[in-house]
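Q: One letter stands for each residue in the lines below.
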Amino acid sequence: MNKIVKFYHEMGSPPSFYRITQHWLMPMLILAIGLTFYGLIDGLFFAPEDYQQGDSYRIIFVHVPAAWMSMFIYAIIGVCGIITFVWRMKVAEAVMMASVPIGALFTAITLLTGMLWGKPMWGTYWDWDARMTSQLILLFLYIGVAGIYAAYEEEPRKAARLAALVAIIGLVNLPIIRYSVYWWTSIHQTSSITLSGGSEGIHSWDMLRPLLVMALATKFYYIYSMLTRTHTYLLKTESNKKWVANAVTKTKGVQS
Amino acid sequence: MTPTRKKRLILILMVALGVSIAVAIFLTAFKDNIMFFKSPTEVAAQDYPQNRNFRLGGMVKDGSMSRVPNSLKVHFVVTDFAEEVKVEYEGILPDLFREGQGVVTIGQMTTGGLFVAEEVLAKHDENYMPPEVADALETAKKQQPTHQQGSE
Numbered sequence: 001m002n003k004i005v006k007f008y009h010e011m012g013s014p015p016s017f018y019r020i021t022q023h024w025l026m027p028m029l030i031l032a033i034g035l036t037f038y039g040l041i042d043g044l045f046f047a048p049e050d051y052q053q054g055d056s057y058r059i060i061f062v063h064v065p066a067a068w069m070s071m072f073i074y075a076i077i078g079v080c081g082i083i084t085f086v087w088r089m090k091v092a093e094a095v096m097m098a099s100v101p102i103g104a105l106f107t108a109i110t111l112l113t114g115m116l117w118g119k120p121m122w123g124t125y126w127d128w129d130a131r132m133t134s135q136l137i138l139l140f141l142y143i144g145v146a147g148i149y150a151a152y153e154e155e156p157r158k159a160a161r162l163a164a165l166v167a168i169i170g171l172v173n174l175p176i177i178r179y180s181v182y183w184w185t186s187i188h189q190t191s192s193i194t195l196s197g198g199s200e201g202i203h204s205w206d207m208l209r210p211l212l213v214m215a216l217a218t219k220f221y222y223i224y225s226m227l228t229r230t231h232t233y234l235l236k237t238e239s240n241k242k243w244v245a246n247a248v249t250k251t252k253g254v255q256s
Numbered sequence: 001m002t003p004t005r006k007k008r009l010i011l012i013l014m015v016a017l018g019v020s021i022a023v024a025i026f027l028t029a030f031k032d033n034i035m036f037f038k039s040p041t042e043v044a045a046q047d048y049p050q051n052r053n054f055r056l057g058g059m060v061k062d063g064s065m066s067r068v069p070n071s072l073k074v075h076f077v078v079t080d081f082a083e084e085v086k087v088e089y090e091g092i093l094p095d096l097f098r099e100g101q102g103v104v105t106i107g108q109m110t111t112g113g114l115f116v117a118e119e120v121l122a123k124h125d126e127n128y129m130p131p132e133v134a135d136a137l138e139t140a141k142k143q144q145p146t147h148q149q150g151s152e
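Protein sequence lines, in the order shown, are assigned to chains A and B.
Under the numbering used here, the first residue of the first sequence is numbered 1, with each subsequent residue one higher.
Under the numbering used here, the first residue of the second sequence is numbered 1, with each subsequent residue one higher.
Be aware that one or more of the hints could be misleading.
The list that follows gives simulated cross-link-like pairs (lysine to aspartate or glutamate, EDC-like), each with its CA atoms no further than 16 Å apart [unchecked claim]:
hint	chain 1	residue 1	chain 2	residue 2
1	B	K86	B	D125
2	A	K119	B	E119
3	A	K119	B	D62
A partial selection of chain A residues facing chain B, derived with a Cβ cut-off under 10 Å [unchecked claim]:
hint	residue
4	S16
5	I20
6	Y57
7	G118
8	D127
9	W128
10	I168
11	S180
12	I187
13	E238
Source of the hints: derived by calculation from the structure; they are not laboratory data.
For each residue, glycine too, the CB sits at the ideal point set by N, CA and C.
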């Protein structure tokens with residue numbers, strides 16, 4: 001138990017967070033790239049075609065993992081937002097702001113791949129159904145959080161607290177996205193895979209496997225990308241601290 | 001927890017609660033507008049906008065589709081297994097348009113009870129499977145008509 005408490009306290013302090021997570025970057029990147037390669041090749045070449053959609057369904061291997069990440073990352077931003085607002089923990093601020101562009105990217109990928117699939121399958125790129133509209137609002141929330149932070153350039157800590165407030169309010173959108181296809185009639189289909197109901201909609205392991213691999217790959221990519229950005233954020237906002245000077249000279253020494 | 005932190009936590013919880021209630025009220029109030037389509041049952045109950053386009057959604061009834069020769073005109077019946085609406089559409093149907101599959105049509109009710117669609121969208125369900133599995137499910141269904149294969 002002592003070890004866990006110690007680890008928790010270490011992760012809360014920027015220097016030890018930087019020191020510990022520095023070693024996670026490489027493994028995360030390798031896992032992300034490796035699993036993406038495996039997942040895409042498995043999904044695009046080896047998974048059987050769908051009985052209704054033929055090969056067009058294969059966009060699911062990008063669309064669904066990206067959609068999961070768009071909401072998962074927002075949930076992390078929300079939790080970090082609460083910690084930022086109540087406990088003023090610097091690492092939570094850094095993780096929150098570092099996650100914003102990654103989440104926005106996944107949201108944009110979700111919307112774009114959905115549109116590309118929607119045209120041949122539904123017959124339209126876009127329509128204002130509840131799922132699509134709430135997902136678009138999620139993109140605006142990401143942009144809003146980033147925008148508010150950027151507007152307060154002189155005082156990054158205050159800016160982070162304001163951004164946290166917007167992020168927390170935006171949390172209300174997550175259950176709306178999740179249940180939009182159940183609460184209202186919509187053109188978007190209901191979930192094929194849910195945490196509670198399992199993978200009832202995907203009737204073949206050969207289809208499910210690449211999807212799950214891609215879901216893992218995107219998680220590892222997120223951890224890698226988030227940690228890299230968090231490090232930069234911490235180095236920038238703590239640039240007058242001694243540990244930053246030490247960290248930077250150390251890296252320089254290794255490289256030269 | 002220090003008093004300041006407690007105060008901040010309560011503040012943020014109150015804000016979150018307030019926003020959630022506001023959004024819930026908003027969504028309930030605009031339920032009709034967020035609903036993407038009307039069902040044939042609602043149309044049968046005259047619950048649709050007159051002289052204005054609206055969306056009608058449901059299943060394309062099995063065996064109800066017919067083409068008008070030498071044109072792009074098609075007729076089919078949209079059903080929710082309670083009520084039915086006859087639909088006329090002229091144009092190219094999406095790939096997934098099939099009898100027994102979901103569909104959303106955009107158009108107007110005419111006086112004769114015919115829904116004239118300007119646009120037809122196919123609605124896919126959440127089921128993904130290879131053709132062999134679909135065949136196997138189909139055969140299993142036919143062999144055991146009493147034992148319903150739930151696919152919802």
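Q: Please check whether I168 (chain A) passes as an interface residue: C-beta within 10 Å of a C-beta belonging to chain B.
A: Result: holds, 6 Å to nearest chain B Cβ.
Q: Double-check E238 (chain A) for me: the hint is only fine if its C-beta lies closer than 10 Å to a C-beta in chain B.
A: violated (22 Å)
Q: The hint names I20 (chain A) as touching chain B; please verify it with the least Cβ-Cβ distance against 10 Å.
A: With a closest approach of 26 Å, the I20 (chain A) hint is violated.
Q: Need the status of pair K119 (chain A), E119 (chain B): alpha-carbon distance at most 16 Å?
A: holds (13 Å)
Q: Verify the interface restraint on D127 (chain A): the C-beta must sit less than 10 Å from at least one C-beta of chain B.
A: holds (7 Å)
Q: Checking hints one by one. Is Y57 (chain A) an interface residue toward chain B, by the C-beta closer than 10 Å rule?
A: holds (6 Å)
Q: Does I187 (chain A) hold up as a contact with chain B if the rule is Cβ-Cβ below 10 Å?
A: Nearest chain B Cβ about 6 Å off; hint holds.
Q: Is the interface hint for S16 (chain A) satisfied, with its Cβ closer than 10 Å to some Cβ of chain B?
A: This hint is violated: S16 (chain A) lies away from chain B, its Cβ roughly 22 Å from the closest one there, beyond 10 Å.
Q: Min Cβ distance, S180 (chain A) to chain B: is it shorter than 10 Å?
A: Constraint on S180 (chain A) satisfied, holds at 8 Å.
Q: Closer than 10 Å between Cβ atoms is the bar; does G118 (chain A) clear it against chain B? Give me holds or violated.
A: Holds: closest Cβ of chain B sits about 9 Å from G118 (chain A), inside 10 Å.
Q: Quick one, is the W128 (chain A) hint okay against chain B at 10 Å, beta carbons?
A: holds (8 Å)
Q: Straight-line Cα separation of K86 (chain B) and D125 (chain B) no greater than 16 Å?
A: Not OK: K86 (chain B) and D125 (chain B) at ~22 Å, beyond 16 Å, violated.
Hints 1, 3, 4, 5 and 13 from the list above are not met by this structure, while the remaining hints are.
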